[in-house]
Amino acid sequence: MASEIAPNRLVPFRWPAGWTPDHLKLLAGSPINCLLINDPGQSIDAAARAAGLEVREWSSLSPAPLAKVRWDGSAPIVAVTEVAWPQIKPMERGANAEAGPTGVPWIDSTSWVARLAASRAPSKQVWLGCDPPGDQVLTARAYRLAIADCAATGARWMISLDPKLAAGIAAGNAEALATWQQMSDTLAFFEKRAAWRSYRQRGPLGVISTFAGDNEFMSTEVLNLAARRNLLYRVIDRSVAGSDDLGGLRAVLWVDPEKPSATLTTKLSAFARGGGLLIVSRAAAAAFPGERNLDCAVAGYDLRAFGKGGVASPQRDWDDPYFVALDSHNLISRRYDPVRVFNGSSLWVHYSADPRGTASLIQFVEFAGGRRGGGVSGSVVSLRIQYPHGAVQIHTMESGTARPLEPVRVGKDVEYHLPSFSVYAALEVTA
Amino acid sequence: MTKTSISRRELLAGAGWAAAGAVLGSPSRARAEAPTAPVALGRCDSYGSEVVPALNKMFDQLGGLGRLVKGKTVAIKINLTGNPDDRLGYLPIGQTAWVHPAVIGATVHLLGQAGATRIRLLESPWKSAEPLEEYMILAGWDPREFSTAAPRVEFENTNFLGRGKEYARFPVPHGGHLFPAYDLNHSYRDCDVFVSIGKLKEHLTAGVTMSAKNCFGITPCTIYGDGAGVDEPGLLPLGGRMPIHSGNRQPSKTSLPEKDPKSPREGGYRVPRAVADLVAARPIHLAMIDGIESMTHAETIGPRNKHVTPHALVAGLNAVCVDAVGAALMGFDAMADRGKAPFETCDNTLRLAEELGVGTRDLKRIEVIGEKISSLVVDYRKVGAAPAKA
Chain A
12 MASEIAPNRL VPFRWPAGWT PDHLKLLAGS PINCLLINDP GQSIDAAARA AGLEVREWSS
72 LSPAPLAKVR WDGSAPIVAV TEVAWPQIKP MERGANAEAG PTGVPWIDST SWVARLAASR
132 APSKQVWLGC DPPGDQVLTA RAYRLAIADC AATGARWMIS LDPKLAAGIA AGNAEALATW
192 QQMSDTLAFF EKRAAWRSYR QRGPLGVIST FAGDNEFMST EVLNLAARRN LLYRVIDRSV
252 AGSDDLGGLR AVLWVDPEKP SATLTTKLSA FARGGGLLIV SRAAAAAFPG ERNLDCAVAG
312 YDLRAFGKGG VASPQRDWDD PYFVALDSHN LISRRYDPVR VFNGSSLWVH YSADPRGTAS
372 LIQFVEFAGG RRGGGVSGSV VSLRIQYPHG AVQIHTMESG TARPLEPVRV GKDVEYHLPS
432 FSVYAALEVT A
Chain B
17 MTKTSISRRE LLAGAGWAAA GAVLGSPSRA RAEAPTAPVA LGRCDSYGSE VVPALNKMFD
77 QLGGLGRLVK GKTVAIKINL TGNPDDRLGY LPIGQTAWVH PAVIGATVHL LGQAGATRIR
137 LLESPWKSAE PLEEYMILAG WDPREFSTAA PRVEFENTNF LGRGKEYARF PVPHGGHLFP
197 AYDLNHSYRD CDVFVSIGKL KEHLTAGVTM SAKNCFGITP CTIYGDGAGV DEPGLLPLGG
257 RMPIHSGNRQ PSKTSLPEKD PKSPREGGYR VPRAVADLVA ARPIHLAMID GIESMTHAET
317 IGPRNKHVTP HALVAGLNAV CVDAVGAALM GFDAMADRGK APFETCDNTL RLAEELGVGT
377 RDLKRIEVIG EKISSLVVDY RKVGAAPAKA
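The listed protein sequences correspond, in order, to chains A and B.
Counting the first sequence from 1 gives a position; the working numbering is that position plus 11.
Counting the second sequence from 1 gives a position; the working numbering is that position plus 16.
Keep in mind that the hints were calculated from the coordinates and are not lab data.
Please note: incorrect hints may appear among the correct ones.
Listed next, the in silico SDA-like pairs over lysine to any residue satisfying Cα-Cα at most 25 Å (straight line) [unchecked claim]:
(1) B:Lys181 x B:Thr133
(2) B:Lys322 x A:Val425
(3) B:Lys88 x A:Asp306
(4) B:Lys181 x A:Arg303
(5) B:Lys181 x A:Pro325
(6) A:Lys423 x B:Thr133
(7) B:Lys322 x A:Asp424
(8) A:Lys100 x B:Lys181
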């Protein structure tokens with residue numbers, strides 16, 4: 012089943028059990044162009060091809076959970092399965108989550124998986140398998156969110172429907188068909204903006220780890236939790252860190268307890284001497300003795316000068332990735348966040364840049380449904396873009412087309428007030 | 017810290033009477049003798065350049081800052097309650113829930129100008145040991161505006177041990193309402209002058225929050241919080257202050273337990289008592305309220321708040337007197353007791369502080385300098401009950 016559609020143009024859909032070739036008409040006008048079938052006996056191949064669709068057997072993708080993916084395979088696509096369904100959940104952390112005047116919701120997003128996968132297989136398409144949870148009644152919004160959450164990192168969701176929705180669509184149920192149409196519209200929105208998939212993730216922090224073996228839990232949870240607090244980062248696989256120029260980073264986080272190789276030690280030392288901040292595990296700190304102790308505002312850390320930069324290390328071994336992410340953010344300082352967002356506790360922020368450097372993209376994935384804090388205005392989000400920039404255009408699914416977003420003077424600062432949006436918004440920012 | 021002597025300055029400032037009460041008599045006697053001190057009330061229409069002259073004038077009306085702070089270390093507890101990145105609509109948090117940075121900056125500037133040798137900005141961000149500067153940045157503030165406003169400005173998160181080596185103990189005069197003493201971050205001891213800057217707000221548990229209630233946040237959650245250590249203080253704050261609200265557990269054993277474990281386990285009883293205890297134990301030498309802009313209904317941002325613009329600044333040397341004026345500015349009677357607005361479901365913090373000899377809440381005994389209260393009153397409940405604007 013050789014592909015006639017370029018891998019980067021494929022929009023995959025797991026063909027539901029029970030659907031017949033007659034149901035191919037549901038794909039008319041939809042961006043879906045690649046059907047994933049579990050059973051070669053599903054007799055849609057010929058009809059699908061006749062309709063201009065690509066058909067792939069599920070097993071041909073070598074789908075695997077993150078820890079078992081073969082990153083060095085020759086296939087142009089890596090299919091990662093068992094990815095958490097993107098959703099907002101009741102906060103479970105902390106000794107007393109229900110109490111007190113503040114708190115942020117717990118969010119599961121696919122984005123850290125996508126970023127890690129893209130780092131390990133930079134030339135491949137990343138397809139994510141997150142199945143609808145069986146214990147929930149999912150709305151159209153939930154499906155649109157799954158599409159948007161994957162698309163914001165340049166990955167693709169291998170669309171899968173829960174059995175009830177699949178049956179409803181097949182039976183022509185009006186509500187199910189409306190959900191299906193909204194999913195199609197959401198896919199079309201991102202396909203119109205396919206160029207964004209080539210944008211590179213940006214952020215002040217580079218996170219280096221093997222992300223595997225004994226280091227897997229700590230390092231991947233740091234990715235997850237750093238993203239949750241909108242600490243924007245670039246994933247750097249330790250095996251290729253030597254060839255990464257570390258350009259544009261303010262800090263590098265060395266998560267693993269092992270000391271870096273001599274080559275990497277030299278490279279990271281040069282990064283610090285040039286003005287960067289190294290945040291290293293306690294065990295690895297001996298490789299970066301630094302020059303003199305500095306006052307460290309972050310509790311539990313030693314900070315030493317190192318050329319024009321510094322090296323920070325914890326006074327105790329890291330055991331909680333939440334604090335590694337939190338402390339790293341404070342060590343770098345939020346001052347260097349590219350974007351400052353207000354009323355964004357349920358938003359996941361992405362920041363990427365055009366490879367040519369002519370534009371940047373700030374994306375927001377909204378995990379909360381309905382109206383939320385901010386008073387009578389409902390879901391009002393405002394933000395500051397904290398780097399020099401030109402014109403700003405906003406893209407929302409509601410408006411369909413881009414339109415200028417005018418700056419608003421707030422005291423000494425320039426801010427942008429986002430219009431209401433439900434699942435996703437993006438700011439296209441001219442350099 | 018156990019105070020055994022009272023400086024002349026403290027006596028002059030009025031706040032020292034709280035400590036004096038500890039030596040001189042019982043709560044009821046202290047109430048009868050609760051001191052009074054003048055309160056300066058200023059009008060300020062915005063958070064622009066007029067804040068500095070408005071505060072300067074008010075401080076002059078109080079006798080000048082120099083006599084209070086020259087050559088001294090000043091600690092300022094600021095009110096930064098709630099998530100820093102929350103907003104009421106598009107309004108920056110300084111215009112609603114938090115003390116506005118312009119008021120903090122102006123105060124720091126004037127304190128420095130008056131000769132303060134070191135100024136420490138203090139707050140205990142909820143559940144967090146993050147540097148205070150980072151908390152401010154999250155709100156869109158630039159802490160450098162404070163650090164450059166006076167010669168030596170420092171920041172400290174007082175929700176844990178911080179830069180100190182040990183917690184400082186503050187016994188409550190007359191034995192206290194809820195706890196006999198509180199163990200606090202060193203910054204509350206290592207200062208000559210203590211300033212509290214609150215926001216002119218209602219409070220869901222305590223009725224109102226201004227300069228006194230602001231001090232609820234001086235308690236470290238490593239001792240008094242949900243995730244506090246049992247035998248000794250935790251290293252980091254892991255939860256909020258629900259143990260003080262509800263009495264669901266005692267503080268770390270290194271600190272003194274509450275006086276009566278059988279007392280009501282109810283926030284409306286406990287929080288006002290804790291606040292009264294704290295302002296008696298850690299006297300406020302300069303109490304201030306930012307009422308230029310604020311919000312109704314609650315202390316943190318939620319769907320029911322409404323933006324208000326009283327255009328008022330309040331300052332004085334006695335926190336209870338200052339807050340009594342503040343309550344009146346919101347349309348409330350500081351003499352009201354439980355059951356009446358704004359204390360429908362709680363005891364009156366100001367009464368409890370008065371009982372500890374901190375100060376009088378009786379406006380008849382308080383000299384208000386500058387603007388008349390009646391010229392700046394905004395009836396918070398009336399605004400709160402009005403239909404939302406489209």
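Hint check:
no.	hint	result
1	B:Lys181 x B:Thr133	holds (22 Å)
2	B:Lys322 x A:Val425	holds (24 Å)
3	B:Lys88 x A:Asp306	holds (24 Å)
4	B:Lys181 x A:Arg303	holds (22 Å)
5	B:Lys181 x A:Pro325	holds (19 Å)
6	A:Lys423 x B:Thr133	violated (29 Å)
7	B:Lys322 x A:Asp424	holds (23 Å)
8	A:Lys100 x B:Lys181	violated (39 Å)
Violated hints for the displayed structure, listed by number in ascending order: 6, 8.
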